[in-house]
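**Q** Sequence:
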Amino acid sequence: MRVPLNAPGYDAARRVRNYNYAILNIGALAGECEAAGVPVTRLNIGDPTLYGFEPPPRLTDACIAALREGRHSYAPPCGIAAAREAIAADAAQRRIETSPEQIIVTAGATEAADLLFTALLNPGDEVLCPSPGYPLYTALAARQEATSVPYHLDPRNSWLPDPQEIGRLITSRTKLLIVINPNNPTGTLYPAGLLSRIADIARKHRIVCLADEVYRKLIYSGSHHPFASFAGNDLPVFTFESLSKNFMVPGWRTGWMTISNSRLLPDLQGALQKLADARVCAPAAPQYAIQEALSMGNDYLLPVMERLRRQRDLSVSMLNGIEGLSCSTPEGAFHVMAKVDLSLYPFASDEEFIVELLRKKQILFVHGSGFGTQPGDGYFRIVYLPDTVTLERVYHDLYDFLHHCRQHSGAIRQQPKTTTRS
0 MRVPLNAPGY DAARRVRNYN YAILNIGALA GECEAAGVPV TRLNIGDPTL
50 YGFEPPPRLT DACIAALREG RHSYAPPCGI AAAREAIAAD AAQRRIETSP
100 EQIIVTAGAT EAADLLFTAL LNPGDEVLCP SPGYPLYTAL AARQEATSVP
150 YHLDPRNSWL PDPQEIGRLI TSRTKLLIVI NPNNPTGTLY PAGLLSRIAD
200 IARKHRIVCL ADEVYRKLIY SGSHHPFASF AGNDLPVFTF ESLSKNFMVP
250 GWRTGWMTIS NSRLLPDLQG ALQKLADARV CAPAAPQYAI QEALSMGNDY
300 LLPVMERLRR QRDLSVSMLN GIEGLSCSTP EGAFHVMAKV DLSLYPFASD
350 EEFIVELLRK KQILFVHGSG FGTQPGDGYF RIVYLPDTVT LERVYHDLYD
400 FLHHCRQHSG AIRQQPKTTT RS
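With numbering that gives the first Met the number 0, the residue at position 231 of the sequence shown is 230, and numbering never jumps.
Careful: at least some of the hints might be erroneous.
[Said to hold, decoys possible] Ranges between beta-carbon positions, derived for each pair: (1) R358 to L66: 41 to 49 angstroms; (2) A191 to Q373: 28 to 36 angstroms; (3) R155 to R358: 30 to 38 angstroms; (4) P56 to A88: 19 to 27 angstroms; (5) S294 to S98: 17 to 25 angstroms; (6) G231 to R358: 51 to 59 angstroms; (7) D266 to P56: 18 to 26 angstroms; (8) S325 to Q406: 20 to 28 angstroms; (9) D340 to N156: 13 to 21 angstroms.
[Unchecked claim] Below, simulated DSS-like cross-link-like pairs (lysine-lysine); rule was C-alpha separation at most 27 angstroms, straight line: (10) K360 to K338; (11) K338 to K359; (12) K203 to K174; (13) K273 to K174.
No lab work stands behind these hints: they were computed from the structure. Note that beta-carbon positions come from the ideal geometry of N, C-alpha and C, so glycine has one too.
The task is simple: from the sequences and hints, build the whole structure.
**A** Here it is in structure tokens:
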């Protein structure tokens, strides 16, 4: 007798029911369009390699050399020695106190987050997450049956958080505080004074901190201040980085966590070591490119940032030129958080707007509520990695879509101005 797939005993684990990752979940709808033969312009996921960005040749050479030299064995669970030493040396140059023994090389920063959440959180613990923020963290907290507590980034204040609000949200159950800098999805770069205040709050309440700095090199102006540089000798901070975005190799799945003040949490570091051992190792060959990556300086980024700046400026200009749309200027990374005034258009939520745009114009953004904003606020994230010609087409199609939606109310505005193509 054939047993129905949804019969008792075949149910998924409860911990997965609230595990949602909006960036890829919304992509399933795009897949339906593409399966029907309709191409989709995907501006939902930050993969630079899809739009002509290439890694520095020295990195690919190092990875290829490792393979040709027969580096096919398992790597040590926490990473090869040369990679960990290079990470520690780079961290020291940025005033991050650590050592090679306090570094774990992972399968991207995503695995680093998975290891930390698994080792640290128990059911009922609370995690302070920026809102809007990267949805992986709320998903991982849900999987551990912990509670995500949002602290808000203020769009009226360049999407910066209020340290006083963070302090008010801390309870006896607060276990982890997350800081994303530059922020994903807003592209906000945090000033040193703000980071210092947040660190003082975490120190006062003895809270572990996670510093997501995977976009730290993709800065348009100003300086990136590592959160762990404010840790002193009494605040435990886990800094997450990777080769993926800074070096244009997301498919290599090579990241790491750097622990500051690990002596304060020997039990947690021991748990992380157990988990690292159990998953054997991160991909081995790309680890031989880490030392090369961290020793090459930033000259390779000059043409990358020049192109990203053109695409950012075009995006900001054209989005702000469309009736009912607005956005601020990102200071880092390659996405912009825009807002549609839902009172002007026939959409009940940000997700409905995104879905209708996909159906009518085959353009895919991500709804802001997938990052923690309220559905009725109308926020959405755009990845502006495509070239300016593609982006101009996208924004004109976006104008046409919204123009059509407003025809019923009789409110029409001239088309957005087009900047000089490059």
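**Q** If a hint holds in the structure, say so; if it does not, say that too.
**A** Now for the hints, and whether the structure bears them out:
1. At roughly 44 angstroms, the beta-carbon separation of R358 and L66 lies within the given 41 to 49 angstroms, and the hint holds.
2. Restraint check, A191 to Q373: a C-beta distance of roughly 30 angstroms satisfies the suggested window 28 to 36 angstroms.
3. Taking 30 to 38 angstroms as the suggested C-beta distance range, the pair R155 and R358 conforms, at roughly 32 angstroms.
4. For P56 paired with A88, a C-beta distance near 23 angstroms keeps the hint of 19 to 27 angstroms intact.
5. Between S294 and S98 the C-beta distance comes to about 18 angstroms, which sits within the given range of 17 to 25 angstroms.
6. The hint said 51 to 59 angstroms for the Cβ distance between G231 and R358, and at roughly 52 angstroms that hint holds.
7. As the Cβ distance of D266 to P56 is approximately 44 angstroms, the hint placing it in 18 to 26 angstroms is violated.
8. Taken as a hint, the range 20 to 28 angstroms holds for the pair S325 and Q406, whose Cβ atoms sit roughly 21 angstroms apart.
9. Checked against the given bound of 13 to 21 angstroms, the beta carbons of D340 and N156, roughly 20 angstroms apart, stay inside it.
10. For the proposed pair K360 and K338, the alpha carbon gap of about 18 angstroms is at most 27 angstroms, so the pair holds.
11. Proposed proximity of K338 and K359 is supported: the alpha carbons are some 19 angstroms apart, at most 27 angstroms.
12. Pair hint K203 plus K174 holds up; C-alpha atoms about 13 angstroms apart against a cutoff of 27 angstroms.
13. Under the criterion of a C-alpha separation no larger than 27 angstroms, the hint pairing K273 with K174 is consistent with the structure, at around 20 angstroms.
Of the numbered hints listed earlier, the single one contradicted by the structure is hint 7.
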